[in-house]
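Participant: Here is what each chain is made of, one letter per residue.
2 protein chains.
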Amino acid sequence: MPDIKIYLQEKKKVVDDALTGYMSSLEGNPPTIQKAMEYSLFAGGKRLRPILTLASFEAVDGDPGRVLPFACAIELIHTYSLIHDDLPAMDDDDYRRGVLTNHKVHGEAAAILAGDALLTEAFRIMTDSRVVSSMDPAVVLDVIHDISGAAGAPGMVGGQMADVEAEGKEVDISHVEYIHTHKTGALITASVRAGGKLGGGSEEAIESLSSYGRTIGLAFQIIDDVLNVEGEEEVLGKSVGSDAGRGKATYPGVLGINKSKETADAFINTAISSLKRFGDKAEPLKKIARYIGDRKK
Amino acid sequence: MPDIKIYLQEKKKVVDDALTGYMSSLEGNPPTIQKAMEYSLFAGGKRLRPILTLASFEAVDGDPGRVLPFACAIELIHTYSLIHDDLPAMDDDDYRRGVLTNHKVHGEAAAILAGDALLTEAFRIMTDSRVVSSMDPAVVLDVIHDISGAAGAPGMVGGQMADVEAEGKEVDISHVEYIHTHKTGALITASVRAGGKLGGGSEEAIESLSSYGRTIGLAFQIIDDVLNVEGEEEVLGKSVGSDAGRGKATYPGVLGINKSKETADAFINTAISSLKRFGDKAEPLKKIARYIGDRKK
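Protein chains in written order, with my numbering: chain A, 1 to 297; chain B, 298 to 594.
Isolated chain A (complex conformation) (with noise of 0.2 Å):
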């Protein structure tokens, strides 16, 4: 496989212009919340969850083609959540990737119906006909049943809601925990499933991706929450230090940083251990976890 770089590059490339694609085949939309769900879906975006899709797919052998309107909802549930995340309700967050966040330049009543459109978008796409018809319907049941699981209340909603309120609290590390799998692991563990049963993989194969996606998921967030206070702004796009002011819960808040960063390394081992059973198909898999374990931004 060619370098990581450029591999997540090529296939940021693919997201983009199917993202695209089907954002302009959008019809009768109103444009005010047309261009909201526009401005946070094109907001530079690094597409890890659709890639790990396409990746996962590729480890068990599928037809990429197939997968990518998959990849795409699950980015657009992302991006929902992001943009209902950083609401004056919720994070107030003025900036995002170095960009205005959503409701500082459509207004919040845009940014939360942009945030509920691109949700609802995100199911649409993946019960369309054109999509479907070729695959088997019920393996696409199966799919969006997990996607949706992982993105509620059970996941990553009520991940949001517990770390919503443990701001300015004292919480332990399982509560910390908690709130990470919950919401960010949950969906990151999602793209990588929906990418393997997709694909026809076999339970088994299912199992060893979901492990691979818990850990990598938690890795992730881990190494955020340290960016979070030793990243460089320029670098990040969005404030250093935020979390410690605003009192949220995070692993250097209650491991320190050089236990976090330990255990984040951990968690990344554990992650390409879990996909040893597909071999050379799993490279890039495997490349993205160590990408995801040197992260600057």
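Where hints are given, some of them may not hold.
PhoX-like cross-link-like pairs, simulated, lysine-lysine; straight-line CA separation at most 25 Å [to be verified]:
hint, chain 1, residue 1, chain 2, residue 2
1, A, Lys104, B, Lys343
2, A, Lys281, A, Lys261
3, B, Lys302, A, Lys104
4, B, Lys332, B, Lys310
5, A, Lys281, A, Lys5
6, B, Lys578, A, Lys248
7, A, Lys248, A, Lys169
8, A, Lys261, A, Lys46
9, B, Lys466, A, Lys169
10, A, Lys35, B, Lys466
11, B, Lys332, B, Lys302
12, A, Lys248, A, Lys276
13, A, Lys35, A, Lys46
14, B, Lys332, A, Lys169
15, A, Lys13, A, Lys248
16, A, Lys259, A, Lys248
17, A, Lys248, A, Lys46
18, B, Lys545, B, Lys302
19, A, Lys281, A, Lys13
20, B, Lys545, A, Lys35
21, A, Lys5, A, Lys35
Okay, the calculated bits of chain A under chain B, using three or more residues with CB under 8 Å as the criterion [said to hold, decoys possible]:
hint, segment
22, 120-126
23, 196-208
Because the hints were derived from the structure by calculation, they are not lab data. Cβ atoms here follow ideal geometry from the backbone N, Cα and C, with glycine treated the same way.
With chain A held as given, fit chain B onto it using these hints.
Facilitator: What follows is chain B alone, placed relative to chain A:
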């Protein structure tokens, strides 16, 4: 069939019991989010949309048991939309159905997240293997696609955006109709279509049901507007005259009260006449249409 009020009471009980059972089966949700979801879900809704799904299912001769989870899912989507519409950044309402709105009781963060969770949960219900394993998965995907289109930017969310944007502006009847057909009509139509499709209705039957849904949806919203002008606060459970005070785009605002009532009556008659093909089996749907025309709250 029994008197329409008894019919509606019976069906409401079926829906309420299913919703109660479903919500109590959810495990692992943070208590705050679970409570906020249940608060609005059990705040006295008439269950019009799920009852329409059940009645349409009966009209095409389906077996009611299988359709119930989809009827519940639609009620979850409707409930989420009310929670988000009431937020300070949107309609800023303190009361709905005579009780405090979600964000007034649970705070804005929990209200936004409870809405997000209800919307996502709806898609989780509709893809639950315990529900769909005995059904044609292609039909289920088609129904979910229909519902997500009706709920998202091309439907309800788009209508709400247009409604918020129209506040205080001079609008013509076609603009008011756009808002109403999207904000309210789309999900009502989808409720009716879902029952027909899940019950195995022919393409022509679904077309007739769609026409019924579109016209009762418009009548429903016109009467809502009329009641906001001349209804009784104690009966409605919300303030009267609020639309005019806020410069909302409404039928009475554009056509006046009498012409609005005539228009609603005409839509009800059109709705009833589009049900001819179903004979006696559509008796509940016809009576629901008349009930909508005569409602006082």
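Participant: So, for every hint listed, does it hold in this structure?
Facilitator: Consistency of the hints with the structure:
In summary, the hint linking lysine 104(A) to lysine 343(B) is not supported, as the alpha carbons are separated by about 37 Å, beyond the 25 Å threshold. Our distance criterion of 25 Å between C-alpha atoms is broken by lysine 281(A) and lysine 261(A), whose separation comes to about 28 Å. For the suggested pair lysine 302(B) and lysine 104(A), the alpha carbons sit about 48 Å apart, so the restraint of at most 25 Å is broken. Annotation: proposed proximity of lysine 332(B) to lysine 310(B) holds, straight-line Cα distance about 21 Å (limit 25 Å).
A distance of roughly 17 Å separates the Cα atoms of lysine 281(A) and lysine 5(A); the hinted pair therefore holds under the 25 Å criterion. Straight-line distance between C-alpha atoms of lysine 578(B) and lysine 248(A) comes to about 58 Å, which puts the hinted pair past the 25 Å bound. Distance check on the hinted pair: lysine 248(A) and lysine 169(A) sit about 8 Å apart at the alpha-carbon level, within 25 Å; holds. A threshold of 25 Å between alpha carbons decides the hint, and for lysine 261(A) with lysine 46(A) the separation of about 22 Å falls inside it, so the pair holds.
A C-alpha spacing of about 46 Å is found between lysine 466(B) and lysine 169(A), which places the hinted pair above 25 Å, so the restraint is violated. Straight-line distance between C-alpha atoms of lysine 35(A) and lysine 466(B) comes to about 21 Å, which keeps the hinted pair within the 25 Å bound. Note on lysine 332(B) and lysine 302(B): the hinted pairing is violated, with a Cα-Cα distance of about 30 Å set against a maximum of 25 Å. Of the supplied pair hints, the one linking lysine 248(A) and lysine 276(A) is violated, its CA atoms being roughly 36 Å apart against a limit of 25 Å.
With a C-alpha separation of about 20 Å, the suggested pair lysine 35(A) and lysine 46(A) falls inside the 25 Å cut-off, and the hint holds. In summary, the hint linking lysine 332(B) to lysine 169(A) is supported, as the alpha carbons are separated by about 21 Å, within the 25 Å threshold. Restraint check for lysine 13(A) and lysine 248(A): the C-alpha separation of about 34 Å exceeds 25 Å, so the hint is violated. For the given pair, lysine 259(A) sits about 18 Å from lysine 248(A) by alpha-carbon distance, which is consistent with the 25 Å threshold.
Between lysine 248(A) and lysine 46(A), the direct Cα distance comes to roughly 24 Å. Compliance with the 25 Å bound is thereby established for this hinted pair. Among the hinted pairs, lysine 545(B) with lysine 302(B) is inconsistent with the structure: their alpha-carbon atoms are about 32 Å apart, more than 25 Å. With a C-alpha separation of about 21 Å, the suggested pairing of lysine 281(A) with lysine 13(A) holds against the 25 Å cut-off. A hinted pair counts as satisfied when its Cα atoms are at most 25 Å apart, and lysine 545(B) with lysine 35(A) qualifies at roughly 23 Å.
Among the hinted pairs, lysine 5(A) with lysine 35(A) is inconsistent with the structure: their alpha-carbon atoms are about 30 Å apart, more than 25 Å. Check on the segment 120-126 of chain A: 4 of its residues sit with their Cβ under 8 Å from a Cβ of chain B, so the three-residue criterion for coverage holds. Remark: the segment 196-208 of chain A is not confirmed as covered by chain B, as 0 of its residues place a Cβ nearer than 8 Å to a Cβ of that chain, below the required three.
Hint violations for this structure: numbers 1, 2, 3, 6, 9, 11, 12, 15, 18, 21 and 23, all remaining hints satisfied.
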